[in-house]
Each structure stands twice: as C-alpha cells, then as structure tokens.
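No gaps in the numbering here: position 78 of the sequence shown is 78 in the UniProt record's numbering, and each next residue is one more.
Hints listed in this document are in silico derivations from the structure and should not be mistaken for laboratory results.
Don't take every hint at face value.
[As the list claims (entries may be wrong)] Here are the simulated distance ranges between beta carbons:
1) Asp78 / Val105: 18 to 24 Å
2) Asn179 / Ala152: 17 to 23 Å
3) Asp143 / Ile40: 42 to 48 Å
4) Glu100 / Thr63: 27 to 33 Å
5) Val43 / Arg161: 17 to 23 Å
6) Glu107 / Leu79: 30 to 36 Å
7) Arg176 / Glu146: 31 to 37 Å
8) Gln33 / His148: 44 to 50 Å
Just so it is clear, the structure is predicted and the values come from calculations on it, not from any experiment.
Backbone N, C-alpha and C fix where the C-beta goes; we use that ideal spot for every residue, glycine too.
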Amino acid sequence: MTVMIVLAEIGVNIGPLLAGAGVLGLAIGFGAQKLVQDVITGVFIQMENAINTGDIVTASGITGTAEKLTIRSLGLRDLSGTYHMIPFSSVDTVSNFMREFAYHVGEYGVAYREDTDQVIVHLREAFAELMADPEQREKILVDELEVHGVTALADSSVNIRVRIKTLPGTQWGVGRAYNRLVKQHLDAAGIEIPFPHMTIYFGQDKDGSAPPAPLKMVGGSDQAIQLEQKPEKTDNSKSSKANPKDKEDFDEEH
C-alpha cells in the first residue's frame, strides 16, 4: 500500500496496478479456497477413519486400493494398475469394502421350465461343498447360506439371489469359488442356465395353426439352414413380345 502511495505521489498512474493486484488477489483467493476445502475434507475423512492405507475403496467413482493418504488427497491403485490421485474436495462419498464384514451377493438365472425349489436345493449343496474346503471355510463368517429367493422373472430366466457373509476383502475370492461350484452342481443336475435367445414367429393361419417354416437343408445336416427363396413370377406373354432392340442393348451392356 505504501508503495502505491509513493508511486501516485511521483505521478505514476496506479490504476492498472490496482486492477492487476485485484485480479491476482481474486485468483489466489479462489485457489486457496480449493486448497482449504481439500484440507478440511481430508482432515474429517481421516478423523472418522473412513479410509486407511491398504483399504479397497470407491471414491469419486474410482475403485481401487488406497496406497497413499495425505492431508489433501488420496492415491488409489485400480484393478488395471493405474494410479489415481484424487483431491479430497472432489470426494462426495467414500465406499469402503474393508469394514467389519462383507457379502458375496450372487444372482443365478435358470430357465422358466426348471423347478426353483430344486434349484435352491442345489445352491445349498454347492455352499455345503464350499464350506468343506478349509481354505474357504476360514473366510466365511456364517455357516448357513442366506437365500433371498426368486428376485426377478427376467426376459430369459428366473433369477434367484443368495448371499454369503465373509471377512472383509475376501468376498470376491469366495464368490468366484462358489460360482464355480454352482455351475458344476447345476450342470450335473441337468438344470439349464439360459442365455438370451430369439423365437421366430411365422404368423398363424385362419384356423389358428402356424404355417410351416420356409426352410430347407443345404448340403446335408452339417450345413446351415437357409430360408427358401421363392422364384419370381415372370410374365411370359410380355417377355415374348420384348423389343429386339431392348435385347441388343442389354447384351451390349453386359
């Protein structure tokens, strides 16, 4: 301020200097506001023990392992190995997968013709086999499979949901082991795990029965089935009266 007064006394126009100083101060103020927000949010996150180094968390839409915590930012390593530096001011919600316990939530779809009660029996048998594995058993906190029942009548399947309570951080490995056993048990029982497919509708006759599909085999049973192409009708009377000049023009072009 003293410098400005001295410059004004000696005849220097200090208007542009004051304007520049105002813009600079405004910029510093906005930057400091962001920094203060980072620091305050980081302090509260760490005071509430929301994240510790080594936790698997989701922050700002990114899921990974927390490798570094500072007063103003979080360093996450995602599944692909990419390292993300996230300022705390951009973190609205923290989802921590490593607190007290976790769940593997599995939803298994079977064909509509299958007996859902029998499917649940096989899901329980797969869980019993999982519990017989000492390596998996020590990761599971509850000895009984939690069956939620039929959760959806989907387009191609009837969906049944189950849940397994595990130690935090082990839910993914337990889920993979259980999925493998479920597939084996359903295959052994002949229960269909459907996939999206299409039903072709050829319409109906007046009596309500569907007409035969216009299909024919090409080259034997190993070849693809192709739609039969109906020959186009030609007007013989018209073709017999064709202008010879037209035929000559066609021959020249081809």
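- Distance restraint hint 17 to 23 Å, applied to the beta-carbon atoms of asparagine 179 and alanine 152: Since asparagine 179 and alanine 152 have Cβ atoms about 18 Å apart, the given range 17 to 23 Å holds.
- Query: Regarding glutamine 33 and histidine 148, is the given constraint of 44 to 50 Å on their beta-carbon distance met?
  - Reply: holds, 47 Å
- Message: Does the beta carbon distance between aspartate 143 and isoleucine 40 stay inside 42 to 48 Å, or does it fall outside?
- Response: holds, 45 Å
- In this structure, is the beta-carbon distance linking valine 43 and arginine 161 contained in 17 to 23 Å? Since the Cβ atoms of valine 43 and arginine 161 sit about 40 Å apart, the hinted range of 17 to 23 Å is violated.
- Message: 31 to 37 Å was suggested as the range; check whether the CB atoms of arginine 176 and glutamate 146 agree with it.
- Response: Since the Cβ atoms of arginine 176 and glutamate 146 sit about 18 Å apart, the hinted range of 31 to 37 Å is violated.
- Query: CB of glutamate 107 to CB of leucine 79, is that within 30 to 36 Å?
  - Reply: violated, 22 Å
- Message: Does the beta carbon distance between glutamate 100 and threonine 63 stay inside 27 to 33 Å, or does it fall outside?
- Response: violated, 19 Å
- Item | Cβ distance range 18 to 24 Å for aspartate 78 and valine 105, holds or violated | Taking Cβ atoms as reference, aspartate 78 and valine 105 lie about 21 Å apart, which means the hint holds.
Going down the numbered hints, you'll see the structure goes against 4, 5, 6 and 7, while the others check out.
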